[in-house]
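S.K.: So the chains spell out like this:
Protein chains: 2
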Amino acid sequence: MSQSNFIPTLADVAKKAGVSTATVSRCLNSPDQLSQATRKKVMSAVAELGYAPNFNAQSLAARRTNTVGAIIPTMDNAIFARGLQAFQEELGNLGKTLIVASSSYRPDLELEHIKTLTARGADGLLLIGYDRNPEIYNFLKQRDVPSLVAWAYQTDTDQTSVGFNNEKAIRPLIEEVIALGHRNIAFISAPKKNNDRARDRVTGVRMAMQRAGLDPRSLKLIETPYSIENGQAAFQKLVALDCPPTVAMCGNDVLAAGAIKQAKEMALSVPDYISITGFDDIELASLAEPQLTTVHVPHKAMGKIAAQMLGKMIDQQIVESQELSTELRLRGTLTTPRACKLK
Amino acid sequence: MSQSNFIPTLADVAKKAGVSTATVSRCLNSPDQLSQATRKKVMSAVAELGYAPNFNAQSLAARRTNTVGAIIPTMDNAIFARGLQAFQEELGNLGKTLIVASSSYRPDLELEHIKTLTARGADGLLLIGYDRNPEIYNFLKQRDVPSLVAWAYQTDTDQTSVGFNNEKAIRPLIEEVIALGHRNIAFISAPKKNNDRARDRVTGVRMAMQRAGLDPRSLKLIETPYSIENGQAAFQKLVALDCPPTVAMCGNDVLAAGAIKQAKEMALSVPDYISITGFDDIELASLAEPQLTTVHVPHKAMGKIAAQMLGKMIDQQIVESQELSTELRLRGTLTTPRACKLK
DNA sequence: TCAAAAAATGTAAGCGCTTACATTGACTTT
DNA sequence: AAAGTCAATGTAAGCGCTTACATTTTTTGA
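These protein sequence lines map, in sequence, to chains A and B. Each residue of the first sequence is one higher than the last, beginning at 1 in this note's numbering. Each residue of the second sequence is one higher than the last, beginning at 344 in this note's numbering.
Honestly, the hints are just simulated from the structure, not real lab data. Keep in mind that the hints are not guaranteed to be accurate.
Said to hold, decoys possible - Result set (BS3-like, lysine-lysine): computed pairs, CA atoms no more than 27 Å apart in a straight line:
hint : chain 1 : residue 1 : chain 2 : residue 2
1    : B       : Lys359    : A       : Lys115
2    : B       : Lys358    : A       : Lys141
3    : A       : Lys141    : B       : Lys439
4    : B       : Lys458    : A       : Lys15
Said to hold, decoys possible - To be clear about the criterion: a stretch of chain A counts as covered by chain B if any three or more of its residues have a C-beta under 8 Å from a C-beta of chain B, and this derived list gives those stretches:
hint : segment
5    : 57 to 67
6    : 78 to 86
Even glycine gets a Cβ: it sits at the ideal position worked out from N, Cα and C.
Work the whole structure out from these sequences, hints included.
M.R.: Shown next, in the form of structure tokens:
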């Protein structure tokens with residue numbers, strides 16, 4: 001307790017202010033219960049000592065942490081980084097702190113993080129997508145921790161969510177592709193396993209093909225984790241095919257960026273030789289050359305709304321799932337297929 | 344305590360295993376102190392009850408949190424997102440959790456977050472850059488919280504850091520610019536106030552000009568926060584000048600991307616009419632058209648090393664600041680100035 | 001003016017852990 | 001066989017807060 005790094009406690013403040021610890025606690029948590037005079041006394045003691053409450057003690061005693069956890073696949077993807085940034089800002093407004101963990105798209109890691117965050121007493125959890133072991137949902141229910149699913153929206157579940165329906169979101173895009181005359185379609189997707197968003201996008205494409213009288217099984221599908229390099233590799237595989245597709249639709253913009261890059265390296269004209277589309281509309285999309293045709297997703301808004309919803313859920317309020325709308329962004333990488341121009 | 348959402352405590356485990364709470368605690372924290380038999384008993388009780396320690400109680404009692412805090416300007420910038428992702432992964436390996444806060448480049452917010460994170464008992468703090476009120480450093484010292492500065496490296500301070508010297512990092516780039524014959528140079532920087540990294544880059548440029556016999560005051564400097572739009576606006580201002588520069592050097596790649604975009608919109612050829620350079624070498628850089636000449640920074644490695652260093656600092660080990668090296672990436676956006684080709 | 005109600009404050013029992021210290025046996029030594 | 005070691009475990013005192021309940025003070029109303 002040398003004067004140099006002495007950390008004051010509630011009791012120190014109480015002594016200095018000449019009141020009980022309960023009063024100090026009240027002064028900090030519900031000031032209106034105190035008389036003006038006492039409040040002033042306490043406040044100046046707080047200021048003088050530079051007191052800051054010990055968070056752990058606070059949480060332990062009050063049984064709430066004012067902390068929410070978010071488990072995202074990776075921060076190293078603009079869409080999550082951006083959404084999380086907004087999420088965190090709004091959380092700050094609500095007086096809550098964020099703890100982030102990333103699962104690297106691995107269910108086992110996700111489970112582990114969920115347990116850790118729960119042990120830390122997270123008041124609520126933000127999860128990405130629906131797909132996970134029911135065991136996890138049971139655990140959450142058992143622990144009574146509210147959780148919000150983001151980046152996805154489904155109606156056939158009681159899990160609250162904020163996001164969009166991926167199947168529906170990709171629909172205008174695939175319909176445009178088909179309308180332009182494409183019949184030889186490829187899709188570069190993230191691995192569909194454990195990833196409902198990726199899966200729903202593919203399903204959306206297949207359904208539209210069916211509706212248009214095309215054989216959904218004719219879709220050339222490649223699954224590969226999101227990254228520029230993987231996008232390049234997948235694209236290369238596609239154009240090496242006997243009968244290369246006239247359009248390479250991509251599960252997200254990062255993959256699409258890889259495809260564009262590879263096309264350039266191979267001196268294949270986009271979109272004249274082959275069209276390319278993305279999903280997400282990150283900055284990259286409008287910076288690419290030509291600009292990427294993609295589906296715009298309101299990541300920032302989603303993060304903000306997620307924070308508000310989770311805040312309410314933590315306060316035991318009933319919250320309805322919220323569907324956000326996405327928007328087709330037609331830009332330069334999509335045109336009619338090479339074989340049937342002017343068809 | 345209904346069977347449904349009953350959360351077991353240490354005491355419950357102890358009772359079930361027929362031992363004292365101390366034994367259970369030891370079993371979890373230093374198992375080798377126990378006899379094989381007891382350990383087994385305890386472990387199975389733990390498993391049976393699905394026990395997980397309450398983090399807050401743990402921290403309160405043990406006076407350490409196994410948590411580190413990071414305060415970054417924004418997650419919404421690939422460099423920090425990437426660095427942080429690596430930081431967090433490595434932290435996970437060390438059994439520590441990360442709490443992130445973002446300051447939005449505002450010193451007041453940074454201070455506030457530092458206080459919050461300290462109150463939460465963060466065992467250590469990751470900070471970006473050196474520039475901050477001495478009051479903050481005093482606070483940290485007083486509270487005895489180890490802190491590591493990243494994304495910068497300076498020798499004339501006792502604050503431990505991991506990063507690179509921004510002045511030095513930009514040197515090969517500006518020297519190349521000058522060597523190519525550019526004499527009318529512009530620099531689009533982030534606001535230099537409270538941002539040593541931005542400032543050092545400008546200083547580096549000025550110093551090189553001086554060394555080359557150019558007047559450093561002739562540097563056309565624009566300060567604007569990092570964003571594509573701001574890059575565009577700044578670039579527009581530059582080319583509207585009576586005597587537009589032959590090269591627009593940018594404080595980072597995001598600004599540079601904006602500049603390239605604007606150049607395209609104005610149909611000004613890059614690099615023939617005007618050269619553009621960036622800093623950071625984010626994915627964008629090699630995706631742009633033409634590819635951006637920039638300075639490569641090892642963000643991922645920095646994040647990882649930062650975690651290791653901070654881990655050691657928390658364990659009271661002495662740690663030396665570490666300098667990382669950057670590398671010039673000459674690509675397509677830089678060439679000789681229009682006025683003096685073949686000079 | 002005085003009892004009753006309301007407001008302000010104090011008392012003290014935890015919250016779920018860790019850990020210094022005490023205790024208990026089982027083994028060594030001599 | 002007594003004394004000393006040492007490993008394994010138990011006891012219990014906190015860690016710094018919150019909050020139910022008790023107590024005191026002030027306000028109110030008739």
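S.K.: Would the hint linking Lys359 of chain B and Lys115 of chain A be met if the CA-CA limit is 27 Å?
M.R.: holds (22 Å)
S.K.: Checking C-beta pairs, does the segment 57 to 67 of chain A have three or more residues closer than 8 Å to chain B?
M.R.: It holds, with 4 qualifying residues against the three required.
S.K.: What's the verdict on Lys141 of chain A and Lys439 of chain B, does the C-alpha distance respect the 27 Å limit or exceed it?
M.R.: holds (26 Å)
S.K.: For the pair we were handed, Lys458 of chain B and Lys15 of chain A, check the Cα-Cα distance against 27 Å.
M.R.: holds (23 Å)
S.K.: When you check the alpha-carbon spacing of Lys358 of chain B and Lys141 of chain A, does it fall within 27 Å?
M.R.: holds (25 Å)
S.K.: Are 3 or more residues of the segment 78 to 86 of chain A near chain B, judged by a Cβ distance of less than 8 Å?
M.R.: As far as the segment 78 to 86 of chain A goes, the hint holds, because 5 residues have Cβ atoms under 8 Å from chain B.
When each numbered hint is compared with the structure, no violation occurs for any of them.
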